[in-house]
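Here are the chains, one letter per residue:
There are 2 protein chains.
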Amino acid sequence: MHARIMGILAAAVLLIPACAHGPRAVGSDALFQISTINALMLGVYDGDFTCGQLLQHGDFGLGTFNGLDGEMVVLDGKVYQVRADGIAYAVPDKTGTPFAAVTRFDRERVEALSAISNIETLEKEIARMAGNENAFHAIRIDGRFAHVKTRAVPKQEKPYRPLVEVTAHQPEFELHDVEGTIVGLWTPQYAQGLNVAGFHLHFLTKDRSRGGHVLECSLVTGTLAIDTCLDFRVLLPDNNEFKAADLGQDMSEQIRRVEK
Amino acid sequence: MHARIMGILAAAVLLIPACAHGPRAVGSDALFQISTINALMLGVYDGDFTCGQLLQHGDFGLGTFNGLDGEMVVLDGKVYQVRADGIAYAVPDKTGTPFAAVTRFDRERVEALSAISNIETLEKEIARMAGNENAFHAIRIDGRFAHVKTRAVPKQEKPYRPLVEVTAHQPEFELHDVEGTIVGLWTPQYAQGLNVAGFHLHFLTKDRSRGGHVLECSLVTGTLAIDTCLDFRVLLPDNNEFKAADLGQDMSEQIRRVEK
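Residue numbers (my numbering), protein chains in the order written: chain A, 850 to 1109; chain B, 850 to 1109.
For the record, the hints were derived by calculation from the structure and aren't laboratory data.
Check each hint, because a few of them may be wrong.
Computed footprint of chain A on chain B, listed as stretches where at least three residues anywhere in the stretch have a Cβ under 8 Å from a Cβ of chain A [what the hints assert, rightly or not]: (1) 1021-1033; (2) 1089-1096.
Result set (PhoX-like, lysine-lysine): computed pairs, CA atoms no more than 25 Å apart in a straight line [to be verified]: (3) K943(B) - K1092(B); (4) K973(A) - K1092(B); (5) K1092(A) - K1004(B); (6) K998(A) - K1109(A); (7) K998(A) - K927(A); (8) K1004(B) - K1092(B).
Label-pair ranges, simulated between beta-carbon atoms [said to hold, decoys possible]: (9) P941(B) - K973(A): 43 to 49 Å; (10) P941(A) - R1105(B): 43 to 49 Å; (11) K1055(A) - R1010(B): 35 to 41 Å; (12) E1006(B) - S963(A): 47 to 53 Å; (13) S1101(B) - K1055(A): 43 to 49 Å; (14) K1007(B) - A874(A): 24 to 30 Å; (15) K1007(B) - K1055(A): 20 to 26 Å; (16) R1106(B) - P941(A): 47 to 53 Å; (17) E1006(B) - K973(A): 36 to 42 Å; (18) D925(A) - Q1019(B): 41 to 47 Å; (19) S1101(B) - K973(A): 38 to 44 Å.
Here a beta-carbon is modelled for each residue, glycine too, at the ideal position from N, C-alpha and C.
So that you can see chain A by itself, here it is in the shape it has in the complex (with noise of 0.2 Å):
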């Protein structure tokens, strides 16, 4: 993998380019994913994997839990489960997770963000640094944020509906004034289906106590860094939920919605 430390506002750069000369080494740095967002979609909300499994494939990413039961944040290695009280509680590594996706967080490249108003700023900003749109990247801004709205999804009951009908009713959360840090993917287009095409952003307070998935956000400063993944691997459920599902149907249009 690369490790690029692009200097703070653009000031001194500093590249510290991979080795380009024969062969590339087979990395570490594994974007790992349990699951796939098509599944999530179709209403398979229990899994067969532990947060503790996901801990040892990664220390930041997202996803949620068993049951739809809320916004999942991994952060500096530790789980973090808003549910839809929109508070983070912490999580035994027992916890069962029907999709998530976490990787190794390698600071590749950091530059100093100054004030964002609005999310699709921010992510053409994110856009704009990451450069590579057919890669996986991580996502880190910690910052002061003039505002972040997120929501959380509710735990769901058998039967379950489809994802689409339970975020049309989901609790939201508006956030002035706060600390904290924005955990988030790109996903490359093609690889739609499999995760969420473009990104998804989650959110934890500094104090770990908030959070969610980010609907909207304004930025007063903060520090954005990617660590661009090549390496993409998806751990498929073994249950009858997922094989029985109609997952070659694009869903592009109810992610979108699910997201926005």
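Start from chain A and add chain B according to the hints.
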């Protein structure tokens, strides 16, 4: 992974299912892939991994070589290169590959096959036995074939043309009354763009002298073995051609034309 042995001619059936209690272990039985089919479709014919590296992650699979120099068959831990003359050549470890997928083949399920008159019927038999269309499957058929029609893509020179143009003028080969092995993959529909959704079958004669990408076949008698992979790993190229390619487009129709 499951270990299942299904009796010859649907006679005695012995099932050894995986333990379904508690969280699932993260297995080592991955389907390990280099690059994506969409990149290959768009003419990204040079990769930054070698066949030697590929063999570290599997002993069974298929792909192609740098410059699109023929069809790759990986069988029993050896890489064979079926070039545009229809002949299978041994491959040095240092040979590069722009697209390939391999696994460590386990004979999880084995079944005898009797006469099958065409590729469509063969694929239906495999699908019936594989069962889970949302998983990846490695497929091995050892047998005597009445007929196998193959093709082998010819080595390209820069500037590279898209794959759909190359295969419009591909060398094709007819093999009659021949013993050999089909080396194939099933990719779920949701992973179209990453690999070829559906079946992708290559062939190698028993004496390892000829083969190619299977366009048609009829079987006299044989043995079908399936290895289901619930762990899918993709390594993306780290080169400018891959970064710049418009990989997000739906190339399903072009892929169908290239493969059949």
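Now the hints, each set against the structure:
1. 1021-1033: Check failed, 0 qualifying residues.
2. 1089-1096: Coverage by chain A holds for the stretch 1089-1096 of chain B (4 residues, Cβ < 8 Å).
3. K943(B) - K1092(B): holds (24 Å)
4. K973(A) - K1092(B): Within the cut-off at roughly 18 Å; holds.
5. K1092(A) - K1004(B): Violated, at about 39 Å.
6. K998(A) - K1109(A): Holds, at roughly 11 Å.
7. K998(A) - K927(A): holds (23 Å)
8. K1004(B) - K1092(B): Roughly 23 Å between the alpha carbons, so the hint for K1004(B) and K1092(B) holds.
9. P941(B) - K973(A): 43 to 49 Å: holds (46 Å)
10. P941(A) - R1105(B): 43 to 49 Å: Since P941(A) and R1105(B) have Cβ atoms about 48 Å apart, the given range 43 to 49 Å holds.
11. K1055(A) - R1010(B): 35 to 41 Å: At roughly 54 Å between Cβ atoms, R1010(B) and K1055(A) fall outside 35 to 41 Å, so the hint is violated.
12. E1006(B) - S963(A): 47 to 53 Å: Since E1006(B) and S963(A) have Cβ atoms about 49 Å apart, the given range 47 to 53 Å holds.
13. S1101(B) - K1055(A): 43 to 49 Å: Given about 46 Å between the Cβ atoms, the range holds.
14. K1007(B) - A874(A): 24 to 30 Å: holds (26 Å)
15. K1007(B) - K1055(A): 20 to 26 Å: violated (52 Å)
16. R1106(B) - P941(A): 47 to 53 Å: holds (52 Å)
17. E1006(B) - K973(A): 36 to 42 Å: holds (39 Å)
18. D925(A) - Q1019(B): 41 to 47 Å: Taking Cβ atoms as reference, D925(A) and Q1019(B) lie about 53 Å apart, which means the hint is violated.
19. S1101(B) - K973(A): 38 to 44 Å: Violated, at about 30 Å.
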